[in-house]
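Engineer: Here is what each chain is made of, one letter per residue.
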Amino acid sequence: EPEVTQTPSHQVTQMGQEVILRCVPISNHLYFYWYRQILGQKVEFLVSFYNNEISEKSEIFDDQFSVERPDGSNFTLKIRSTKLEDSAMYFCASKNFDTYEQYFGPGTRLTVT
Amino acid sequence: GENVEQHPSTLSVQEGDSAVIKCTYSDSASNYFPWYKQELGKGPQLIIDIRSNVGEKKDQRIAVTLNKTAKHFSLHITETQPEDSAVYFCAATFTSGTYKYIFGTGTRLKVLA
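Protein sequences, first through last, are from chains A and B. Count the first sequence with this note's numbering and you get residues 1 to 113, in order. Count the second sequence with this note's numbering and you get residues 1001 to 1113, in order.
It is worth saying that the hints were derived from the structure and are not from the lab. Heads up, some of the hints might be wrong.
Sample of chain A residues at the chain B side, in silico, Cβ under 8 angstroms [stated by the list, open to error]:
#1 V43
#2 F45
#3 S48
#4 S55
#5 K95
#6 Q102
The beta-carbon is built from N, C-alpha and C at its ideal position, and this holds for glycine as well.
Only chain A is shown next, with the shape it has when bound in the complex (with noise of 0.2 angstroms):
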């Protein structure tokens, strides 16, 4: 069955530093998002991305996050400059269009020291 990868599984980073988080959605897919969670918090969507760019972002996602899709198969998240809040586990998820059901990867634990 097809599934969502994403990389590292669990990043470490000094504060101020920049990290990009990488996810390949399932191959037909048209729809991707990014969504983190706190640790203890709820699922917090941080933007979607359709037809090459941004179609929806959050409040959290400032001018120190970035997607790309670089290629017909990466979903990139690239944070600038790391916070200390910035730790949380990064869920990357793919649709396609005819479903409602998104998938979504093992995610990427990402501390910020």
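Since the structure of chain A is provided, determine the placement of chain B on it from the hints.
Structural biologist: Leaving out everything else, chain B in the frame of chain A:
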């Protein structure tokens, strides 16, 4: 703003008993309600969903009910088994636009053998 509340945050049941998890949503325009199960180290996986034009849906031991007037929906698991132990998330979204999910806070279900 959009919000989904979920209760309880933890639930322990004896094997074979039923478990019920409840969610309430704020945006009356929401019309698609998925339930996800998250096991340790894995991403959320869809277990059942319901659209707003349906009051109840069942899949073997799992059922979801929706009360549009009250804006709440519930997950029912019957004859629970130890492998049902996981974190369960409800979500709400619209079947148009970006299809972003608004998640509940999650319920940790423990099934005691």
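Engineer: Evaluate each hint against the coordinates.
Structural biologist: Going down the list of hints, with the structure as the test:
1. Because the closest C-beta pair between V43 of chain A and chain B is about 4 angstroms apart, less than 8 angstroms, the hint holds.
2. For F45 of chain A, the interface hint holds, the least distance from its beta-carbon to any beta-carbon of chain B being 5 angstroms, beneath 8 angstroms.
3. For S48 of chain A, the shortest C-beta to C-beta distance to chain B is roughly 4 angstroms, which falls under 8 angstroms, so the interface hint holds.
4. Taken as an interface hint, S55 of chain A checks out: its beta carbon lies about 5 angstroms from the nearest beta carbon of chain B, inside 8 angstroms.
5. The interface hint given for K95 of chain A holds, since its Cβ lies 6 angstroms from the closest Cβ of chain B, which is under the 8 angstroms cut-off.
6. Interface restraint check for Q102 of chain A: the shortest CB-CB distance to chain B comes to about 6 angstroms, inside 8 angstroms, so the restraint holds.
Consistency note: the structure conflicts with none of the earlier hints.
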